[in-house]
Amino acid sequence: MSDKNKSIVYGLYNDETELLSAVKAANSAHLTIMDVFTPFPIHGLDPLLGLQESRLHIGGFIYGLLGTLTAFLGMTWIFTKDWPQIYGGKPHWAVPAFIPITFELTVLFASIGMVVTFYIINGLGPGVVNPCIDPRITDDKFCLAFDAHEVDPIQAENLLRSTGAAEINSKTL
Amino acid sequence: MSAVVSPIREPLITGHKSYHDITEDLVSPTEKTPGRAWVLAFLTAVSVLAFGLFCITWTIWHGIGTWNLNRTIGWGWDITNFVWWIGIGHAGTLISAILLLFRQKWRTGVNRAAEAMTIFAVLCAALFPGIHVGRVWVVFYFFPYPNTRGPIWPNFDSPLLWDLFAISTYFTVSLLFWYTGLVPDFATVRDRAKGFRKKVYNTLSFGWTGSAKHWQRWESLSLILAGIATPLVLSVHTIVSFDFATSVIPGWHTTIFPPYFVAGAIFSGFAMVLTLMIITRKVLNLQDYITIEHIESMNKVILVTGTIVGVAYLTELFIAWYSQYPYEQFAFFNRALGPYWWAYFGMMFCNVVSPQFFWVKKFRRNITLTFFLSIVVNIGMWFERFVIIGTTLARDYLPSSWSFYIPTWVEIGIFIGTLGLFFTLYLIFVRVAPVVAIAEIKSILKSAGDQYVGPNAKHHDHGHGESESHQHETEVVETVVEPVEDHKTEKSGKTSNTYVPVSRNTSSEKDDLKKIEGIGPKIEQALNNAGIQTWYDLSQRTASEIKDILNAAGNNFSQHDPGTWAKQAKLASEGNWEALKAYQDKLDGGKEVI
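Line by line, the protein sequences give chains A and B. What the first sequence shows, in our numbering, is residues 1 to 173, in sequence order. What the second sequence shows, in our numbering, is residues 1 to 594, in sequence order.
Here are the computed lysine to aspartate or glutamate pairs in the DMTMM-like style, where the Cα-Cα straight-line distance is at most 20 Å:
id, chain 1, residue 1, chain 2, residue 2
1, B, K199, A, D139
2, B, K581, A, D139
3, B, K514, B, D561
4, B, K547, B, E524
5, B, K510, A, D140
6, B, K194, A, D134
7, B, K213, A, D46
8, B, K194, A, D139
9, B, K581, A, D134
10, B, K213, A, E53
11, B, K581, A, D140
12, B, K213, A, D139
13, B, K515, A, D134
14, B, K567, B, E545
15, A, K24, A, D46
16, B, K17, A, D140
Covered by chain B, according to a simulated footprint, are these stretches of chain A (three or more residues, beta-carbon under 8 Å):
id, region
17, 54–65
18, 86–94
19, 118–130
20, 135–142
Away from chain A, derived, C-beta distances all over 10 Å, residues of chain B:
id, residue
21, T33
22, N70
23, G195
24, T275
25, L303
26, R365
27, I379
28, Y426
29, I428
30, E524
31, A566
These are calculated hints, taken from the structure and not from any lab test. Just so it is clear, CB atoms sit at the ideal spot from N, CA and C, and this is done for glycine as well.
All chains, please: the whole structure from these sequences, using the hints.
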């Protein structure tokens, strides 16, 4: 959706099962699908579109690890090097007492990191205005869109029609 | 979609909802002008909040001396209220995180509101540690940051500091989790809005499009956030209990505190969710989304956690006796039979006895009883915290320093003020955001809607066969394809001579008459009953004929003006959508504007 002035041909379906069979039909007709827009996540769609599994969880792990290290090493440095003090007869490096904060910062770093990454890689955020193909996509329509430059528009329209699209349209975004 | 659901499962969405109905039902409360009840409730909440703010100002201006705390009793209503609010703030993330991991579908009906409640409750809770330290203006000393005082750091070995980290993390993660779930729903609101509202919701929805890749990442993110929020929820109240358990006060210094506090937190959190949802579903007409089934599920959680809390109370008593430690024994003797005996028995009755009603299915499904008991449980959980804090502190090791504590009007005012804050925020929330998660409800519709599962289910074929059989009739090849839908060529009876866009209709016998501005589901039903099934049928009737049908259908219908319906239906039956849209834009509620 990033590049502007894109001509698309799209069909709107009334039901996700129709959309799934349309995506299958497009795959077997070797029509490159630009994107699919739906009001809610459709299970079974990702493999049909050839989408790789999201790597967000790897990011989450790295951010979490960063939190663990920040908390644990930070407290270690403060209590052993920067300002050593004895509290309640505990040793300076009181590892068990560091665990709660280490855990909390692990969770905090992982969550914030993942959420921020999520919005950045999706190109979403406050003030972002993406072109709206059809306002009913966030309501009850399931949209299958082709890039008019990548596929033959007539062929795409025929495919949309034969797979039962309730509406077919073309648009320049 | 695979909708293989056990036949014994009860539907979680009733009323034979379509996807569009769901949008309509859940977005409309944010689009209407607030009713009188809302305005009244809001004004009350804001006034109570204002009084709370006054009491807080009073405290800060005159100092903590305005509270009845003394040398013996260092924690009173402030920490009681803090723990109480934090406990209430546990249900939201439990519902959205733990129940997501357990794949409990009923969570979708209540998770949005419960998470909102969590965030507001944590805000109320965080207020108390902030003001009870006395010098509020240096409260940022809590946080470790390189400062010019040494730098001097907070004590990382102290449970009170762990608590600060736990609560801040919990608040932040809950907020992120909640907002990420809201983004697609704000997009739904945005796409129905106009003008300034559209701008506001466009900002709130972050430019959400519903692209497949976005959804995939969104689901991945939700799942991982749920995975890490689950231990987080359990850690928060564990750490709150450390505030007590790591001390050397008899009655506090017990290893049972963490699980007992967590169970108590879930217990009170669910009670508050029930109190709020029973009112909300009634006021916003969400009975189809928050069903008796949801209420029963939550009552089961209340029963389990209430019983765990009861077992913990009894274990404490047993261990006090069994330990043979006189100070511990005295602490419990004093709780039950000392000057605060009423608080102890209030707690026992509200938390241990009252949830036992829910062993009976009939009671679990009784809304009035559930509402009443949910309030009883919250009172009981407040007593629990007061018993642990106030009663225990009032009689310490030295009888010469024993004391008695009753709150001043300032302390009571601050507590009531937090209730005002909580309800103010909740009332704003129900006007601004969809109270039930729209996208999530849609995604469980086919496995939990009552037209698919349960006793009223009927067989759905999703109209595949039909759409395929239409392929052969499709012969129009246009370069610019007009949006054509649901047109009935065979009924219009004019297929032979005039050009008519060929039907790609996937449904069977009838058209969606609601496309006509002014016709809602009820009127559509009335028209269908009178034999009007398609747009063509409708376009052939005069306004007075339609008026007669409406009058016959009852008083509620006769006020509608069907003057333009036939004209609109004609455009619809011809598939002339652009003209119809242009015409409808000029109409106001289906009537021509003079």
